[in-house]
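Colleague: Letter by letter, the chains look like this.
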Amino acid sequence: MVVDCFSNKKGVARMTETILVLFFVVVLISAVMIVYYKINIGNIKERGFELSEEGASVLLNSITRMAEVSCNNEDCLDIVKILAFREVSKRQASYYRSIFGNKKIFVERLYPESLEKECEVNDFNSNVFPGNCNKITIYEEVPESYNSKAIVSSPVSLWYDVHGAHSLGRITIEVYK
Amino acid sequence: MRKKGQTEIIGLLFIVLLLMGIGLIFIKLSNSNNSNELAEIRSNIETTNLLKALLKVDVEGENIGDMLVECSLNSNCGRARSLIPDIMKTILKPGSSYKFEAVSNGVMFIELGDCEGSGIISNQPYVRQNIFVENRLKLC
Chain Z
1 MVVDCFSNKK GVARMTETIL VLFFVVVLIS AVMIVYYKIN IGNIKERGFE LSEEGASVLL
61 NSITRMAEVS CNNEDCLDIV KILAFREVSK RQASYYRSIF GNKKIFVERL YPESLEKECE
121 VNDFNSNVFP GNCNKITIYE EVPESYNSKA IVSSPVSLWY DVHGAHSLGR ITIEVYK
Chain V
178 MRKKGQTEII GLLFIVLLLM GIGLIFIKLS NSNNSNELAE IRSNIETTNL LKALLKVDVE
238 GENIGDMLVE CSLNSNCGRA RSLIPDIMKT ILKPGSSYKF EAVSNGVMFI ELGDCEGSGI
298 ISNQPYVRQN IFVENRLKLC
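Protein chains in written order, with the working numbering: chain Z, 1 to 177; chain V, 178 to 317.
Bound-form chain V, shown alone:
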């Protein structure tokens, strides 16, 4: 009779501990989901701002956005191909990677960086010299 009672108490204790464990895991998980969402929003804003600022950079009187139009029109892409990786290397944290793509008339005329798989993507289209260029930056 006494043994049965002890077993029942141990069983009850086990159930209470199990419920406590589940409750704690639930509280922890419900909080961590929120932080991930915030981090994602922040990364999104950062990627968009980086792409916008990148296209405005002037180096020795030449603008990166104009260089891309030049690259699209005359396949003169050497300067953009050397400058963009240089800028990205300066601004990105060590260990981060990127992929920069520029498309005009459905043709991808420049593709830089080695970020494959999932990442935060931002698009920045613009029209210069009657040329529509769509730029895409992905940060991993």
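If we strip away everything but chain Z, and leave its shape as in the complex, we get:
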């Protein structure tokens, strides 16, 4: 009888020990899984951001080759075409939204320097153009709320047909997610 009670107590102690060990193992595995998934989710978000940047880089290169805005036989952007395209993209908003999505695409003239201002058709008709403005927004579709904004830009040659001269500019794409 005494022996039975002793072995029963020992068995309970072993069982408790096993349960505790199992509990800690489960807690440890859960902790590892939680940490792994947290890091993984962070990485996926980061990768998503990188991919949208990559997509914007590809778009940046394709825009400079788009017949709507590029020079005829050269690797540059034609300012007259850009001004015209801005109006067309507003009129055919749904078509260009399906191509570009939630983005802002703009071109800035950097050299020779000019007044920091958005170019309007009136500015283009002025005698002092292109010295009177330096920025043209080609396309703009900014959502009311967004989680992140990726900015990709690249230097580009700008062609001013009126003066028959190239300027140095920068084309920028802002991607809204």
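Think of the hints as simulated: they come from the structure by calculation, not from any bench.
All residues carry an ideal CB built from backbone N, CA and C; glycine is no exception.
Just so you know, not all the hints are guaranteed correct.
Just so you have them, the derived chain Z footprint on chain V, three or more residues with Cβ under 8 Å [claimed, not checked]:
(1) 198-206
(2) 228-234
(3) 259-269
Part of the chain V face toward chain Z, derived, beta carbon under 7 Å [as the list claims (entries may be wrong)]:
(4) Val-193
(5) Leu-215
(6) Glu-223
Guided by the hints, dock chain V onto chain Z, whose structure is given.
Modeller: Same frame as chain Z, but now just chain V:
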């Protein structure tokens, strides 16, 4: 006996934590390598586009590419030497540096900027007035 058991558990815990640490470092490192590659590709494209656009700039009816040919032919380099640093100062971010070199017939006739060491290099050769000029831009 109990002490031995405790030591074993602490040892096991230490190994588990060590493995977790190694796993986390591996995940972080495998991701950061990817970003560096992308940044490098982007810098490469930017350097190439900058050099291409730079050579097309016209200032007061004169083209930078033509100025370099003129510099190579007649050693008339004053205008190019003053304009290129001016343009680079305007377009580069503060703190960035550059090195611009132009070579014709194996002779480097213009060297501008102070970027030494590692950087992103782009080459842009062209032929004008039967002169072959190779331009090299390095951004640091």
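Colleague: Run every hint past the structure and note whether it holds.
Modeller: Structure-based check of all given hints:
1. 198-206: Holds, because 4 residues of the stretch 198-206 of chain V bring their Cβ atoms closer than 8 Å to Cβ atoms of chain Z.
2. 228-234: The restraint on the stretch 228-234 of chain V holds, since 5 of its residues have a Cβ under 8 Å from chain Z and three suffice.
3. 259-269: As far as the stretch 259-269 of chain V goes, the hint holds, because 4 residues have Cβ atoms under 8 Å from chain Z.
4. Val-193: 6 Å, holds
5. Leu-215: 6 Å, holds
6. Glu-223: 5 Å, holds
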